[in-house]
Structure formats: structure tokens, C-alpha cells
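Colleague: Sequence:
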Amino acid sequence: MIKNTSGQIAVEFILISIIILSLSLAIGRGLRQSEYLSKMTGGPWALLTGMIENGVWEKPQVAKTMHPNFLKRQVSFKGDVD
Numbered sequence: 782m783i784k785n786t787s788g789q790i791a792v793e794f795i796l797i798s799i800i801i802l803s804l805s806l807a808i809g810r811g812l813r814q815s816e817y818l819s820k821m822t823g824g825p826w827a828l829l830t831g832m833i834e835n836g837v838w839e840k841p842q843v844a845k846t847m848h849p850n851f852l853k854r855q856v857s858f859k860g861d862v863d
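Numbering (my numbering), first residue to last: 782 to 863.
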């Protein structure tokens, strides 16, 4: 049995900090390579941008033709003439 354990807490702290640092670096590298965070933040923003710009829940390129003031959808106060 060890009678003097004065440095054991320091050694355990260093070992645990190395494990935590290694895990966080591995997780960070994995997230960066899979671009998970950019997909998570970029995907919804594309739909939100379409809604903000054009009032339609689509990507901005698709929603541009669905804007209420788009040439094909303009309101005519004269009505249809047959």
C-alpha cells in the first residue's frame, strides 16, 4: 500500500485532461470533415432567406419566380378580357 499519495491528484488530473482534450479534438475534427455544422446552419437559412425575400418557403432561386410582384403574377385591375 502506498503511504504517500501527495502527487496522485495531480497525475489523475493530467490524465483526465489529456483524455478530455483528445476526445474534443477528435469530435471537432469529425464535425469539421463531415461539415455537419455548416449543413445544420446553412440548410434552414436557405429556406428562411426565400421566405424573407419572396414570401415563399423555398430556396431563394426557386422562390424568386413565386414573388407576388413577379412579372407573370402581377395583379391586373382590368380583369381578363375574352
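Treat the hints with caution; some may be incorrect.
The calculated DMTMM-like cross-link candidates involving lysine to aspartate or glutamate, where the alpha carbons are at most 25 Å apart (straight line), are [to be verified]:
no., residue 1, residue 2
1, LYS845, GLU834
2, LYS820, GLU839
3, LYS820, GLU793
4, LYS820, GLU834
If you anchor each label on the Cβ, the simulated ranges turn out as follows [as the list claims (entries may be wrong)]:
no., residue 1, residue 2, range
5, TRP838, TYR817, 56 to 62 Å
6, SER803, GLY823, 51 to 57 Å
7, ARG810, MET847, 39 to 45 Å
8, HIS848, GLY811, 28 to 34 Å
9, GLU834, GLY809, 42 to 48 Å
10, LYS820, GLN842, 17 to 23 Å
11, MET847, LEU796, 40 to 46 Å
12, MET847, GLY824, 16 to 22 Å
13, LYS845, GLN814, 55 to 61 Å
14, PRO841, LEU804, 20 to 26 Å
15, HIS848, GLY823, 21 to 27 Å
16, ARG810, PHE851, 42 to 48 Å
17, GLY824, GLY788, 22 to 28 Å
Simulated from the structure, these hints should not be mistaken for laboratory data.
All C-beta atoms, glycine included, are put in the ideal place defined by N, C-alpha and C.
Colleague: The structure should be examined with respect to each hint, and the outcome stated for every one.
Modeller: Each hint, compared with the structure:
1. Of the pairs offered as hints, the one joining LYS845 and GLU834 holds, with about 8 Å between alpha carbons and a cut-off of 25 Å not exceeded.
2. This hinted pair checks out: LYS820 and GLU839 have alpha carbons roughly 16 Å apart, not beyond 25 Å.
3. For the hint linking LYS820 to GLU793, the alpha-carbon distance of about 38 Å lies beyond 25 Å, and the restraint is violated.
4. Proximity of LYS820 to GLU834 is assessed by CA-CA distance (about 21 Å); at most 25 Å being required, the pair is judged to hold.
5. With their beta carbons about 23 Å apart, TRP838 and TYR817 fall outside the hinted range of 56 to 62 Å.
6. For SER803 and GLY823, the hinted distance range of 51 to 57 Å is not satisfied, since their beta carbons lie about 29 Å from each other.
7. Distance hint for ARG810 and MET847: a CB-CB separation of about 41 Å, consistent with the stated range 39 to 45 Å.
8. Hint check: HIS848 to GLY811, Cβ distance near 40 Å, so the stated range 28 to 34 Å is violated.
9. Here the CB-CB span from GLU834 to GLY809 is close to 34 Å, at odds with the stated 42 to 48 Å.
10. Restraint check, LYS820 to GLN842: a C-beta distance of roughly 18 Å satisfies the suggested window 17 to 23 Å.
11. A beta carbon spacing of about 59 Å between MET847 and LEU796 contradicts the range 40 to 46 Å that was offered as a hint.
12. Roughly 19 Å separates the CB atoms of MET847 and GLY824, a value that falls within the hinted 16 to 22 Å.
13. With their beta carbons about 33 Å apart, LYS845 and GLN814 fall outside the hinted range of 55 to 61 Å.
14. Distance hint check for PRO841 and LEU804: the Cβ-Cβ separation is about 39 Å, which falls outside the suggested range of 20 to 26 Å.
15. Judged by the Cβ atoms, the range 21 to 27 Å given for HIS848 and GLY823 holds: they are separated by roughly 22 Å.
16. A hinted range of 42 to 48 Å holds for the C-beta pair ARG810 and PHE851, which are about 45 Å apart.
17. For the pair GLY824 and GLY788, the supplied restraint of 22 to 28 Å is violated, since their beta-carbon distance comes to about 51 Å.
Hints 3, 5, 6, 8, 9, 11, 13, 14, 17 from the earlier list are contradicted by this structure; the remaining hints agree with it.
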